[in-house]
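**Q** Starting from the known structure of chain A, arrange chains B, C and D on it as the hints suggest.
Chains as they are written, first to last, in my numbering: chain A, 4 to 304; chain B, 49 to 615; chain C, 65 to 388; chain D, 778 to 1303.
Please keep in mind that the hints were generated in silico from the structure rather than gathered at the bench. One or more of the hints may lead you astray.
Claimed, not checked - Below, a list of computed lysine-lysine pairs in the DSS-like style, where the Cα atoms sit at most 27 angstroms apart:
id, chain 1, residue 1, chain 2, residue 2
1, B, K194, C, K300
2, B, K541, B, K474
3, B, K407, C, K296
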Amino acid sequence: MIAFIKRYEGLWLFVHSPAAIVAAIVATLIILGAVFAPWLALVNPYDLASFSLFDGLLPPVWEEGANPRYLLGTDDQGRDMISSILYGARLSLVIGLSALTIAAVLGVGLGLAAGYYGGRFDAIVMRIADVQLALPAILTALLIDGIARGILPAAVQQDLRVAVLTLAIALSLWVNFARTARASTFVQMNKEYVQAAIMMGQRPSRIMFVHILPNILGPLLVIMTVDLASAILLEATLSFLGIGLPADSPSLGTLIRIGMQFLLSGEWWILWIPTLLLVALVVSINILGDFLRDVFNPRLR
Amino acid sequence: MLTITDLAVKFPSRFGDFTAIEDVDMVIKPGEIHGLVGESGAGKSTVGAAVIGLLQSPGYIAHGSLTLGDTDLRTLTPEQAHAVRGDRISMIFQDPQTSLNPLMTIEDQLIETIQAHADVSTAAARQRAVDLLEEIGIKNAAERIKAYPHQFSGGMRQRVVIALAICTDPELIIADEPTTALDVAVQSQVLKLIQRLAKDRKIAFMLITHDIGVIAQVADRVTVMRKGRVMETGETAQVLGAPRHPYTRALMDAVPPLDYRIDRFRVPQEEGADFERSLGQKAEDWLLAGVQGAPTGLTLQNLYVRFAGPRTSLFRKPEPYVALNDVSLTVRPGSIMGLVGESGSGKSTLAKAITGLVKPSDGTMILGDEVLPGGKARDRHHPSRQLVQMVFQDPYSSLNSRHRIGAVLEEPLWFYGFVKDADQRKELAASMLALVGMQPDAIDKYPHQFSGGQRQRIAVARALLARPRFLICDEPTSALDVSIQAEILNLLKDLQAKFGLTILFISHNLTVVRQMADDTAVLRNGKIEEIGKTEDVYERPQAAYTKSLLALTPVMQRASFAVAAHD
Amino acid sequence: MVYFILKRLVQSVFVMLAVAFLAFSLFRFVGDPITQMTGVETSVADQERLRDELGLNDPFILQFGRFTGDMLQGDFGFSYRTRQPVAEMIADRIPATLELGIVALLISLFVGIPAGVYTALRPRGIATQTILMTTLVGVSIPTFVIGIMLIFIFGVQLGWLPTFGRGGTVQIGGWESSLFTVEGWRALLLPAITLGVYQLTLTMRLVRAEMMEVMRTDYIRFAMARGVPMQKLHYKHALANTMVPVITIIGLQFGGVIAFSIVTESVFQWPGMGLLFLESIRFVDIPVMGVYLVVIAFFFVLVNLIVDLLYVAIDPRLRVRDVQ
Amino acid sequence: MTQRNLRQAALLGGVLSLCAIGASAETLRWASTTDPQTMDPHAVNSAPVLSFLNNIYEGLVRRGQDMSIEPSLATSWEPLEGENGWRFNLREGVTFQDGAAFTAEDVMFSYQRASDEAADVRSWFAPVSEVRVVDDFTIDFVTTAPNPLFPDSIANFMILDKDWAESNDAALPARDAENFATMNVNGTGPFTVASRDPGVRTTLVPNDNWWDEVQHNVTETVFTPIGNSATGLAALLSGEIDFIQPIPLQDVEQVEGREGFKVLEGEETRVIMFGFGHEHDTLLYSSDVTDANPFTDPRVRLAAAHAIDIASIDRVLFRGKIEPASQLVPAGISGFSEANQDRPAFNQERARELLAEAGYPDGFSFGLKCTNDRYINDEALCRAAASMFAAVGLNAELSTGPVRDYWPQLREDDFDMYLLGWSPGTFDMEHPIRFLMHSQDDEKKLGSWNFGNYSNARVDELLPQIQQEINPAARQAMIDEVVAITQEEVAYIPLYTQPLIWAAKDNINLTQRADNFFMLRWVTVN
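For reference, chain A alone in the conformation it holds in the complex (with noise of 0.2 angstroms):
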C-alpha cells in the first residue's frame, strides 16, 4: 500500500491539483499547435508567396471589417494571426528547449564533475561561473550575438540568428544547472551508495551518470521548467531589445516586439494575441514547475 502510494504519489497529486492540469492542458494544447503548426495553419509566415500585403491588418472576426478567412485577423504584413502564433511558439519553443538542453548538458555535465571531483577541478567550474554570473542573462547574449556578428560570415549570419540565440541564452542559463547538480552531487558523494561504488573502483563517469545522475534529477527537473519559462522570456526581450529574430522567421517574441508598434494605433491583436499566448505558455510552463518542486520537496506541501 505505501508502496503503491509512493509510486504513483505524483500522479495523484497531479490528479489532485487543477491549477497543474489546466495548465498542463494549455501547455500541451499549445505545444501540439506548434508541433502541428504546418498542418494547422492557413498559410506558412516563412513562405513569402503564401500571404500578401494585400490582407494587411484585419481585425478579428468579432470586430468590424473583418474577413472570416482570418479568424484573429492579419498584421501588418498580412499574415494571419493564427498561423504566425503557431508557427512562433514553435520558434520560441526550439529556441527555449534547444537551449535549456545545452545549458542542462553543460551545465549538469561540469557541476556533477566539479561535485564529483572537488578540490581544484571544482574550484575552476565555480569561478567560471562567477564570472557567468557577473554577466547577466541579457549582457551575455548581448556579447554572444555581437561576436557572433563579428565573426561569423555575413552570408551564414542569417542561417545562424537561431543558433547564436539558442547559444546565447543557453549561455547565460548553464550557471543555475552547473551549481545546483554540484550542491546536490556534494550531498550525494557523502551517501553510502556512492561510496560503494567508489570502494569498488568503478569509473567515475559510471558513478556520475550511473549513480549520481538520477539521483539529483528531481531539483534538475524543477530547474528546467523554470529555465524554459526564462528561456522563453528572454528570447522576447531580446528580440525587444533588436537583437532577437529577423522579423520574417518570427518568434513569439519577435511578434510581439513588432505588435508593440500598433499598441495605440488600434490594431490589438497584433500585439495582445502573441502576448497573451506567451503569458499563457510561461504561467503553464511555471505551474507546472511549482507543482513538480512540490512533488519533488514533500516537506513544502
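**A** Leaving out everything else, chains B, C and D in the frame of chain A:
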C-alpha cells in the same frame, strides 16, 4: 498531573484517515519520570506532540481526553494552548545541535522565554536565567550566557535546552529522545539531571525513548507502545522485570546484554521469512566455491590520518586535524574484531582508510600478506577492491534509490567479472536474497519499497556478491530498531560462521560489540585506548576510559529487576 | 573570517580580470567602429587612416595590453561616438541606474518578504493562492510589455505619474539624485516597479520556501513548545534564519537587476547606464560597451562581497569563534 | 535700424514673459529619437547633429522654410571673375554668443577646421582648391571646376569663432577624444546652450544678440532624446513634452483623435529604393541560379519593378502617407525630371512575362539585404516587398540587420539586391547622380555609394557637364537624359519618398522643413 484517556490521533490521507495512535491511556504524576518506549512507528512521539498541542499538520485528535491538572487541554483555543506551552508544559527535543536558534544568544532565548510567561523585568529575567544555568551545571553562567549555541558542546547544549524547558517552571516536560544524539558519558549526565529535576522540582517527565536501557536507568513507570497502541504499562521494575505482554518480552529478548555473550538472539518473528530457505542454496554454493584457502586477516601498523584543518589565515598553514593517531591493530583471519568508540573517535575514518576512501598520511596496512596502497594510490582494479567489502550504517542511503534491487545486486557480479551471463547473474542475485532472508522476487523492486532491516539485508547480500574475504560493518545496526538489530546481528553471525569471513565490526554501542566480537579495540580521539580479547576488555578493563564507558552504558539488568519485582 | 573575506577578494579580482578580457574580446568582434565614427561621405582611404590612428590594426595582444594597462590607471578611454571620456560618461549615469536598481530592490524586499512570510504561514489560504498566481502571471509577462502598460495606464490615461526621465534631480556632491524631490520619486516609481516585479516574485517565493522549511526545524518547534509569542517566533526566529539564503540569492540577482535595467531604462527613457549601453550598441561605441561590462561585473562582485559581510553580521557562527 | 528693432523685440519679449503666468508658456519641451552626439559642427556629419546645431551655429547661407537658399552670415555671393569659384560678402555687425565680432578670419578658420583630416565633413570641400580672405567681410572660395551649386552645398557649413576655438584648444574637431567644442558652443545663431547632459537633456535659450529678426517666442527649450517611440508618444500625450519628431505612422490617427494635439505631415526629400548588384557575374544568395546574375538583364530588373504593389504598401504600411517615387529625388527638388514622372505600374502579369522573356519563366531566388533601424518601416517594407517579389517568382531571401552592420556589407558587395534611402544633401538631382549613378571611381570620389556599380558611359559623361552648366534649361535637359537612361535601364527601383511625421500640442506653431531639420527660430508657443 497529566491524564490521558482513550486518546486517538489520526492523520487524514488520500486513502482515508491513518490512525497514528489509538486507545492510549496514561497518567503521569508530579515528580514522576514516565518512560514511553517503543520501536519506530509505535506512535510514542505522537503522544507527546498531542499533549503539547504541536501535532504535525494535518494530524488531529480524533477522540479521547487530555487533562493537565484541572485544565482540559482539548478545549483550549489556539491562543490559550500557546500560553500553556512553556508555562505549564514544555518539551525537550532529541538533537541539541538543532533545537536552539543558532542566530540568538542563549541569554536572549532564555529571557525571551521567561518574559513570555512572566511579567518580569529583563534584569530579573536575566538573573533567573543565570541562576538556572548554574543550577543545571553550567559553570561561570553569568558570562557564558552571552554565548551563541554553537559555542557550546553537545552535552552543554542539551543542558541549555533543558534550562529553556524549565525556566518557566512547567508542571510537565515532554522529553522526546533527549539523549539519543549524545555520547554515553553525556547521556548519563543528562539523565541524572532529569532525575534530579523531577525529584527537586516535582516536574513530571514524559520520557520518550527507544532505548530500554535508558528507561531502566531513570524511569519510575513505563508504557510500552507498538503500532499506535499501548501494550503494557506499569512500574518500571515490574514491566521490565516480569513483562506480561509477549511483545514486551520479545523486545527484552532482543536487547543485547553487556555483561555476557549470547550466541543467538531470540527473535519473535522474522520479516518475510515464509519462503523456502533452500532457494539460497545456489548462492551459498557459489560463495563457498569462491572461498579458497585460509581466511584473510588485516594488520594495521602505526596508521596516521591527518586532515587539513580549517584555514584561518593567509600566511599560516592550517593546523592539521589528526583523525587517526598511531593506530596499530591486527584482525585475526576468520575472526570478528570489534571497534568501539564515541562519535568523533575516528572509527569511520579507519574504515575509510582500509577501503581506500581516505589516504593515510603514515603507516602501513597489510591485507592477508599484501600491503594495501592508500587512497588514490590504490588502483581501480586492485584486488582488495573485491576482497574487502563494507556494510554501511544507513540502509536508507547505502542503496541507490533509483536502481532496482536487481541492478544493485548484479553490479558486483559483472563488475568483478564473476558471471558473464545476465540471466545467471539475475538467478544468483535472487538466490543471494534468499540466503540473507529475503523473498527472491524483491529483485524487481526499488529500495524504498523495503523497510530498514530489509534494506540492510540487501546491503549484506550486495557485499557477499563480491565474494569478499574481509567485511567491514560500520555501525550496521545503529539505525535499526532493536528487534531488527537482533535479526541482522544473527544474520551476520551465521554468515561469518558459514563462509569464514573476517569482519571488522564498528559500533558505538558496547553491548552490540560484546555480542559480536572476538577481539575488541577501544578508540578515542583517534588513538587506541585498549585492545584485547573481548572478554578481557569487558570483564577486566585496563584503561580508565574503557572503565568509565562500561560504567556509564545504561543497561537493563533483567535479573536485578526480576529480583526487585519479587520483593 | 578575515581569511574568508580575503579569499573572496582574490576570487573577485579573478572575476574582474576575466570580465575585462571578455569585454576586450568584444572590442575585437562587434561591428566596425570606423563606419560609425564617420559620416556617409567619408572615403574608404580616410577610414583606413583613422583605423590606423586608433590602433585598430594592431595585433590583438598589443591592444589588450593597452586596454588593461589604461584601465588600471583609471583611463577608460574615449567614446567613439561622443568623444567624451568613457569614465565620465559612465560615472554620470551610475547614480540613475543605482538608484533605480536599489529602489526596485527595496520595493521587492519590502513587498516580497512580508508576502513571502504571509504565504508561508497560511499556505492554503485564498489570499495566498491569489498572491502566488498573480505574481506568477506578473513574471510571465515580458518586462517591456509591463513597462509600456504602466506608462499608458498611469502616465497617459490617469496622468498620475510621469512617463519618462528622472523628474527633479538634486546634485549632491557630484551624485545626481532623484531621491530628494517629490518629482524625482514620482518619476522613479513606475520604472522601479517594472524592474522590481521579477525580483519581488523571486524574493517572495524564496522567503516562502525557506520560511516553510525553517518552520519545521527543531528550534522553531522548540520555541513553539516554550510558548514564545507568535509574532516573535515568526519574525525574530524564523525570518532571521531564512535571511542567509535570501540575501545570497538577492546578491547573485543584483547584477541581473542592474542588467535588466537595460530594458526598463529603454522603456522609460531613464538616463542610466543601461540606456547608454543600448545607445552604444547601436553606434558600436565599443569603449563604452566594454567599460559597461566591467562596471556591471564590478557591481556584481561588490554586492557579493557585501553579501559575504552580511553573512558575518547575520550568522554568529561565522563571527564568534568557538570558546570551548 | 536693425539694432533698434532688436532692442524693441527684446524689450517686447521681456514684457511678454513678464505678463505670461510663469515662464512655462514659452518653454518648449521637445523630443527626438537620437541625441546629437556632439556639439562640434565639424566633427560628425549626421542629420541629428547638423539639425540640432543649425539652431546654434550658422553658415554663410541657410535654408528657408521652403528649403531655398537665403543669405545668412553672407549677405550676398557671386561667381568669381576669371576663375572658378564664388565670392561671399559677409554680414557686418554680427557677434558670436560670447560677444566676439564675426569676420572673414572666422570663415577662413572654420574652412580650415572643417576641411581638416580630422573633420567628418571635409568632403563638402572636395571641389575647393583655395580660400582667400579678401577683406574683413569678403571671402573667396576657389573651386577646381565651375561649380554652380557650391553655395547650396555648404548650407550646413557652420562658422566658429577662431579665437574662441583656438584659446580653448578646439582648433581641430574632436575625433577620438573630446575637446572643448564637444560640449560647449559659441555660435552666431538664434539659440545657445544653457546646459547639456548628453543623452539626457539639453537646454537651449535664445541668443539675445542675434542679428536677425526674432520670429519665435521661446524663452527656453528643453530637448530630451527618447529612443523608444511608444514612450515618446506617451510623453507627448501625457503633456510632458510639447513636440516630438518623428512619431510612428500607425499612431497618427491616435494623436489626431486626441483633443489638443496635432500631427504635422510632410514629405522628406529621402527617396527609398532598391538597388541591384549590377556588376556581379553570379548571384550570391541563390539556391537555383548559381551560374549567372539575372539582374544584369534590364528585363529582370523591370520585372522586379512591376512586382511592387506600391498602393498596398502605401495603404497598409504607411497609412496613405507616402508619395510614390519615379526617380531618385522627389518632385520639387531642383533638377527633378518632370519629363520622366511615371514609375512602372504594379503588374504581376507583365512581370512574369518579362521574366519568361529573360529566360526565367519559373523565377529564381536571390538575396535581399535590408536595414531594420534606418528608415521608417524599413524592415516591414522589405518583408512586404519580398512577399510581392515571391508572387511573381522572384524568391527573395530576406536578411535584415541594424545599420551598423549594413554599410560594411554593402561596401563588400555582399548582396544581390539591397535597400537604400537617399536624401540629396545639396537638394539637387546632381547629388544622387554623383553618388549613386556615376560608375564607381575612387580617385575622383564619384559613385561612392553606387554599391552595385551601375555603369553607363553616357551618364558618366553627362555628370561633369551637369556640374558645370550654368544655364538652367541646358542643365535640366542633361538631367532629364540621365533620368531617362536610368529609368530605361532600371538602374534602381525608386519606391517612394519617405514621409515626415511630427506631432505637437495644438498650441505649438512650427515649420516642418523637408530635410527633417527642426528650426527653433520658427517656433511660436501660444
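**Q** Each hint should be assessed against the structure and marked as holding or not.
**A** Results for each hint:
1. B/K194 x C/K300: holds, 18 angstroms
2. B/K541 x B/K474: holds, 26 angstroms
3. B/K407 x C/K296: violated, 49 angstroms
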